[in-house]
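Enquirer: These are the residues of each chain, in order.
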Amino acid sequence: MTGRVGSFVACVLVLALLLVLPQTMRPYYVGLVTKMLIFALFAMSLDLLLGYAGLASLGHAAFFGVAAYTIALLLLRAGIGGWIALPAALAASTVTGALIAALALRARGSYFLMITFALAQVVWSVAFGWRSFTGGDDGLPGIARPNFGWSLDSTVSFYYFVLAVVGLATLLLAAIVKSPFGRALRGIRESESRMQALGYDVWRYQFVAFVLAAAFAGLAGALYAYFNRFVGTEYLHVIQSAEALIMVILGGAGTLIGPAIGAALIVFLEDYISSLTQHWLLVLGIIYVLVTVLAPRGLVGLVVDYRQRRFEP
Amino acid sequence: MVWVIHVLNGVAIGMLLFLLAAGLSLIYGLMKILNLTHGSFYLVGGYIGLTVMQRTGSFVLALIVAAAAVALIGTVIERYFLRRFHLDELPQTLVTFGFLFIFADLSLWIWGGDPVMLRQPRIFAGSLSMGDYNYPFYRLFLIAVGLVIAGGLWWFQEHTRLGTMLRAGVDDAEIARALGINVSLLFTLVFAAGAALAALGGVLAAPVLSLYPGADFDALILAFVVVIVGGLGSLKGALVGALLVGLLDDFGKAFFPQFALFTVFVPMAFILVVRPTGLFGRR
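Protein chains in written order, with this note's numbering: chain L, 243 to 555; chain C, 27 to 309.
No lab work stands behind these hints, which were simulated from the structure alone.
Some clues are possibly wrong.
What the hints assert, rightly or not - Under 8 Å between C-beta atoms, here's a sample of chain L residues computed to sit facing chain C: (1) 484; (2) 507; (3) 523.
A virtual CB, placed ideally from N, CA and C, is assigned to each residue, including glycine.
Looking at chain L on its own, in the form it has when it is part of the complex (with noise of 0.2 Å):
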């Protein structure tokens, strides 16, 4: 019970800070927490499969990417603005999620990382291609902010918007996962056929948990575009499944705090290291290998692992 109480605190005091955070701070870093934010979400919305369902997806940026480019190519190529185009992409992301989820959840284990990899170079290479329509690797500058009633172009203004939809999306994700949906997906995680012999239809479960991912990383997708007001083809690469999958490792797998955490951490670590040296990438990569080796359940294991190692001598 005073670890329910506890975390309810800590959640309340966190939520304190991000809202009293871009008083105290420069633009850059209110900038800096809002990107955090998003990937924060991204990660939660890869957590869904990999820590809950147990399907570890490598191709979880086509749908991030996806729901960034409906929002450029709307407003764009169409003139279309935030009201319908966020919807769209959020559409747009669904629909991806729902035709790769059919023909990835044939397979399972290696096959089913393969698979979606393979599926979400796909849709980056129709990104890098077709150059008269999505600007190929030049991308597509000039995205405007959504108004909703009130403007979202300066730094605040834009953080508070991406505060408030990051945090409902997480209440949402938080009730799922605790939902009996939720619970019966971490009984297929822990066995299939177990599960299938109590009647569940293991199919149906993976299909919706894929489905739903694949929208709140669209969301995610949608934020991003307009945080940076561009889209290019880096949104949807492997490189950033990669990322996300980092974070959520990372942070620790079946928790949503853990991807949260494991987000804001490789965010920071990105920009603060890139200003350090170009090689990011490589940084990035020790830091997969290291974090493999040494902390394999993540940072939230570790500190599971302290805490039973304290109460047990």
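Model the placement of chain C on the given structure of chain L, informed by the hints.
Expert: Chain C only, in chain L's frame:
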């Protein structure tokens, strides 16, 4: 005649893909490791070959040094980073992904960002004239090398003691170990050999496809498609899948250049629907 040219091209590319996919497939078959560093072995091998070629001018030496160096890199990765996670798929995949990034950045650092072409060996500089067309000898050489290596691997697997151990290990590593087969050594050997094959592929491909940052990803994805089509853990699957993907890729690029990857991925999706573990895969 155009068709003959495209078929030959497809087979030549298919042979390069086979060199990549054979290692990927055998490593998975034996150790259940999905080696995402495999594309990096190809690229780094190609780059090392390039440097050797520039220094000494010898193509044969380039092949030998690249294969040996990459085999050594593979051995270190297997021994010190993968072995500790035996049969734990996710951490293994992550470690190999980390190395993919590390090699991508290091090779960009060492060899720069511009695409580079390896000069093809002088003996194969000419071309074979077939009616109105000329077909470069080098690509015929690629086909020959691919066939020789495929034949050699098959012979090794079926007719040598080590090959028998390998097949036993792929079938059931646990039992193989219990029968007194040194599975630990076998793992390292297969991982190193797979890495060396990928490096050979990189050097052989360099005069045709050129080397550039991102070639590691491109090679990895095509190798994935090959093993998805052919099935993991099977040499025959790797060969059939590689030829199929090579042909589809070449015809796709020739006839639908805008949608080049689709001619490869649509059949892959179809095979997935019909046989989720590939044409020759198990389970």
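Enquirer: Please check whether residue 484 of chain L passes as an interface residue: C-beta within 8 Å of a C-beta belonging to chain C.
Expert: It holds, given that the least Cβ distance between residue 484 of chain L and chain C is near 6 Å, below 8 Å.
Enquirer: Should the interface hint for residue 507 of chain L be scored as holding, given a Cβ-Cβ cut-off of 8 Å against chain C?
Expert: Because about 16 Å separates residue 507 of chain L from the closest Cβ in chain C, which is outside the 8 Å limit, the hint is violated.
Enquirer: May I ask you to test the interface hint for residue 523 of chain L with respect to chain C, counting a Cβ-Cβ separation under 8 Å as satisfied?
Expert: Holds: closest Cβ of chain C sits about 4 Å from residue 523 of chain L, inside 8 Å.
Of the numbered hints listed earlier, the single one contradicted by the structure is hint 2.
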